[in-house]
Amino acid sequence: MSEAAAATRVGTPWPELDATDLEVIAALQRDGRASIAKLARDTMLPAARVRLRYERLVERGLLRTVALIDPAILGRPVVAHVEIVARRGTAGLAERLARVPGVAWIGVADDYERLLVQVSTSTNAELADLVNRHIQTDAEVDTLGTSIVLRSWAPVFSFSGHDTSGTGLDALAWRTGAASERTVDEIDRILLALLETDARVSFTAMAASAGLSVPATRQRMMRLVGERVIQLRTRPDTSAEGVTAVRILMEIRGDSTAVAAELATMPNVTYISESTGQRPLSVELLCAGESQIAEGYARISRLQAVRSVRMVRFRTAMFQTGNW
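The sequence shown begins at 1068 in this note's numbering and counts up one residue at a time.
Simulated from the structure, these hints should not be mistaken for lab results. Heads up, the beta-carbon is just placed ideally off N, CA and C, and yes, glycines get one too. Watch out, some of these pointers could steer you wrong.
What the hints assert, rightly or not - DEER-style ranges, computed between Cβ atoms:
1) Ala1206 / Ile1254: 14 to 22 Å
2) Ala1206 / Arg1097: 22 to 30 Å
3) Thr1324 / Glu1294: 21 to 29 Å
4) Arg1118 / Asp1209: 46 to 54 Å
Work out the full structure, taking the sequences as your base and the hints as a guide.
Encoded structure:
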C-alpha cells in the first residue's frame, strides 16, 4: 500500500496484514461461518491461497469468530458489571469466579488487584444472591461495585484501521434492553451452546449433537441469524500474543446514544455498553500496541460530550461460555 493510501486511513491499521489478509477478513466479517470455498468465491482468490491465509491468521491469534447471544432470549435479562478489588492478588479469585453459574466474562487488570466481571441472571433477586453469596463472601474480595447494564452494542472490528461510519447503532445492537418476545426451544439451546464454544462449528457436528438432519440444522441456523438471536463477529483473539484488551469508562453529559454512535465508528472497538453508575458508558478495545491504546484513549477523551475517562488495561481476559 502506498504512503498516500495509508495516510487516508483513520486509526492505526492492525499490523502485518497485507491486502490479501484484509480481503479474507472482510469476507469473514460479512459471513463469519463462510467455508473456504465461499471465501474464495467472495474474494476471487484461489481456494488454496485463502486456506493458507486463513489458517495462518487463526494460528497467530489474529482472527477469531465469536457468537454473540442476547442473554434475555435465554431467560437471563439482568446483566451486570461487577468491579472487584482483591486483597492479595486475583489468580485464585478469578478461577473461583469462573465456576460460578451466571458469570459470563472475567477480565484481570494489569495491576493484579482488580477484576471486572460480567454476569447475567433471570431476576434482580438472583443477581443479589450471586453477588452476596458467591462474590461478597469470598475472603479475597476487598471491595466491589455493581452496575446494571442497560444496553450494549457490538461494532464490526476494523482490522484495516478505516473509520466504520455509516453503520447505524440499530444494526450493531447486541442487547437493546427491551423485553424479548423471542423464545428458544431445547434444540436451539443446544445449537447456541455449540456456537458459543466454536462459532464456526460444522453443520455436521451441530446436527449430530441436536439430533437433526444437516439440512434441518442449516435451516435452524439461518433462522437464528436472520432473527438476530445470534450475531457473528470476527476480531482478534484476546489471548493472542501482542493483543491487549482495554476498557475505557466515561462520565458524560447529554445524550448517551449520540456518544455511543461516535464510539461505534472508531477502529479497534469491540463492545460498547451503557450502564448505571457514575461512568455510564464503557467501551472495550483490542489493541496491537501502545500506539493503538494511546490513539483510542485520545480520541475518546476528545469527544465533546465526554467529561472524564478512566482506563483499565487487562492482563488476561477469560471468556466463559454457556453462562449467558
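Outcome of the hint check:
The supplied range of 14 to 22 Å is broken by Ala1206 and Ile1254, whose beta-carbon atoms lie about 42 Å from each other. Taking the beta carbon of each, Ala1206 and Arg1097 are about 49 Å apart, not inside 22 to 30 Å as hinted. Range check, Thr1324 to Glu1294: about 24 Å between beta-carbon atoms, so the 21 to 29 Å window is met. As the Cβ distance of Arg1118 to Asp1209 is approximately 50 Å, the hint placing it in 46 to 54 Å holds.
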